[in-house]
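Heads up: the protein sequence lines correspond to chains A and B, in order. Per our numbering, the first sequence starts with residue 1, numbered consecutively. Per our numbering, the second sequence starts with residue 1001, numbered consecutively.
Please note: incorrect hints may appear among the correct ones.
[Said to hold, decoys possible] Covered stretches of chain A, as calculated for chain B (at least 3 residues, CB under 8 Å):
1. 75-82
2. 88-100
3. 378-388
In case anyone wonders, no lab produced these hints; they're calculated from the structure. The beta carbon of each residue, even a glycine, is placed where N, CA and C say it ideally should be.
So you can see what is in the structure, the chains are spelled out below.
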Amino acid sequence: MSDTHSHSVAFVRTETLPQLPPPASEAGVVKWMRENLFSSVPNSILTLVSLYVIYQLVTGAFPWMANGIWNTNSLAECREILDGATGACFSVLTERWNQLLFGFSYPSEFYWRPGLAFLLLFVAAAPVMFFDLPRKLLLFTAVYPFLAYWLVWGGTIYTPLFALLGIVIGYLVYARFVKDSFAMGFFGGVIAAFIAWFIGGYIVGAIAPAEPFLEAVQSRDMGGFMLNMTLGVVCVSLSLPLGIVLALGRQSDMPIIKWICVIFIEFIRGVPLITLLFVANVVLAYFLPPGTTFDLILRVIIMITMFSAAYIAEVIRGGLAALPKGQYEAADSLGLDYAQAMRLIILPQALKISIPGIVNVAVGLFKDTTLVSVISMFDLVGMIRGPILSSTDWNGVYWELFMAASVLFFVVCYGISQYSQWLERRLATDHR
Amino acid sequence: MKKTAFYGALTVAGFAASMASAATLDDVKERGTLNCGVTTGLIGFASPDANGVWDGFDVGVCRAVAAAVLGDPNAVEFVPTTGKTRFTALASGEIDMLARNTTWTFSRDVDLKFEFVGINYYDGQGFIAPRDLGVSSAKELDGATVCIQTGTTTELNLADYFRANNISYEPVPIETNAEGQQQYLAGACDVYTTDASGLAATRAAFENPQDHIILPEIISKEPLGPLVRHGDNDWGDVVRWTLNALIAAEELGVTSANIEELAAAPTGNPEVNRLLGTEGELGAMLGLEADWAKNAIAAGGNYGELFEKNIGENTPIGLARGLNAQWTDGGLLYTPPFR
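Isolated chain A, as found in the complex (with noise of 0.2 Å):
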C-alpha cells in the first residue's frame, strides 16, 4: 500500500514557497488593537468605555476652544457676539496678559525689565544644570541673583554692586583663615562680609544719583507669574544648600549643632505653610518698630526658603542614609577629612540618590508660591481671584483665566520634571 501511495502523488514542490502576509488579523493595527485594546472581555468594555469618554471630552472642549473670542474687552461684549453659541472667551487674557504676568501696578514701560531678566536665568541656569558646558559660564550664574535684582527691581546699581562685594570680600577672607581652620575661615569671611555690607550701606546712600539708570519699582508692585517665578527659583536655590546644611548638621556629631538643626527641622515641619506665610505678613508686624518697612516679598522669601530647606533636609537625610556605612569607612580609610570627605565622596553620591525626592519638593515648592494669594499679593491665582474676576468687565470668565494659569504652571513643572529625569539617566553610573 505504501508503495501505491508513494507513486500516487503526481508531484512535488522543489523549491520553498513565497512567505505570506499574516493573516490580516495578526498584523498591523488590527494586531496592535487586539493585543492592547481588545484582548479581552474587560479590557474590550475598558476601551470602548474610554473611547465614548475621550469622545465626549473632545466635542465638548473643541467647539468651546475653536470658537473662542479673542478679541473684545469685556465677558458681556463676548456673550454678544457667540450670541448662544458655546464658545470661549479667551479676550480676558489678551487683554489683561500683561496683568497675568506681572501684576496690575509694575509700570509696562518697564516690563522688559522682568523679561530680560527671565531670558538671562537660562543662560545662568545652563552652567549649573548642564556640566558639560564651559565652566568659565559659572562666572555669569555668580553675578545673576545681582543683575536680576536691579533688573526687577531698579534702583540705583550701587545696591547689588556693594552687596557683591561683600561676598567676594567675605570669600577673600574665608580663602585666607580657612587653611588654618574651617571655623575661623567661614566666621571670619561671615562678619567681614557684614562688616562690608554695613559700610556699603552708608556708602551707597551717600553716592546714589537722584535719577537712576533703571527707575525703582516697589515691592508691593510686583505681581502675576513674575512673582510666582521669583518666589520659586530664589526659594528653590537658597534652600538647596540651606537643606543640605540642616542635613549634616542633623547628622553631625556635635550635640548643639543637631540639636538646633533637628529642633528647627520637626518644628517648621510641623507647622503648615500658610501658619508661616501669615506669620511673615501679619505677626511680623508687631513686632518690628513702627515705621520699619521690611519688605514684605523679602520676608515671605525667608518663610518659604525654611519651609523649603527643612523639607529638602529630610530628603537629602534620605540620601544619606542610604549610602552603604563602607562609603564613609572608604572615606576615613583614605585619610580625607570631614569636609574633603563630604564633598568627594559621600554628598555626590548621596545627592544622586535624592534627586527625585528634591525635585518633587521643588515642584511642589513652586505651586506652593500661589498660596501667597491668601496674604493679598497678587501673584498668578491671586491676580485671577482678585482684580480680573472682580472687574466689572471680567466677572464670569473663570475656565479660561485657570486654563491659562495651569498651563503656565504644567510647562514649567513639567519641564523640571523633564530635566530631573534627564539628569537621573546622566548621573547613572551603577550597572543597571
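Based on the hints, put chain B in the right spot on chain A.
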C-alpha cells in the same frame, strides 16, 4: 469663635504697640500719601482696572479722604487686604484707614478696638432664585436647598430667619462666592444667599440675568463702613466728616459739576458755605485746609455720584438706592449738620 479671640488678642497687642504713633493725621501729612486698606477685589466696590488704577465705591472713600487731607485724590497707596488680614493690617499701623465693606458689629467696634466712623453702604442678606422656581418671597422657600458660605454670619442669619418663620431648608455648604455662583448655576441648590450687593454683582455676571430674581426679603442688617484705629480721635474725625461731607453734599445739591461755581464765592445757603469753606472755620477745627470738603467732593463727586458711577442702576451691578437713599428720599443717609 476661637479665631476672633485670637485676632482680638493680636489686635490688643498691636494697639499697645501703635499707641506711640497715635497722631495718624500728622503721619499722613508728613508721608504725603494715605495708606488705605481695600479688598483684593470686589466687583463695584474696589478693583484695579486694566491699567492698574483702583476704582470702586470703597476706593472713592479713600480718594475723598486723601483729597481732604492732602489735596490730591491720587495720593493714596492702596493696600489690598483679605478678610483675614484686614484687621491686623489696621491694628499694626500698616494702613491708616480701612474701607473694605466691613460690617459694623459690636465686637469689632468694642472688642477689636476699632472705630467705625460711619456707614457708607447699608447692606443686608438676600436670596437669588431662578425665575422658573416660581417663588416671589423668601417665605415660600419651605423645603428648599440653599447654597450658603460656611463659617459666615450669613449662615447664622439664615438659620435664624427660617426658624423664626417656622419653615425648613436644606443647606448646601460652599466655600467662596465664586463656588457659590457655579453651584447655583449648576442647579446644586434652589436658591443662593449672601449679601444683597454681592447677589446683584453675581447676577450681573450670569449669562442670562433676567432668568434669575432677587427675592425682596432682606433678612439681616449689614451696615458697611470705613474704620480707623481706636484712640486717635482726631484722625477718626477727619475720616468721619469726610464721609459726612460726601453725604451732605448730595443732600445740599453740591456735585462735582457745580462745585467750582459754588465754592468760588459764598452762596445763599450758609450750610453749603460752611461745607465748602467759604464761611466759618470748619477745616481749621479738623486741622485741615479750609477747602478740605471741596477737594473731597471734587475727587469723585458726592455720595450719590459715587454710587451711580460704581454700583448704581446704570452699571452692570445695577443696585437701587433703597436704604442708601438720603433721608429726604426715604433712605437712611442722615448726616449731622455742618455747623
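**Message:** Run through the hints listed earlier and report the numbers of any the structure violates, in increasing order.
**Reply:** none
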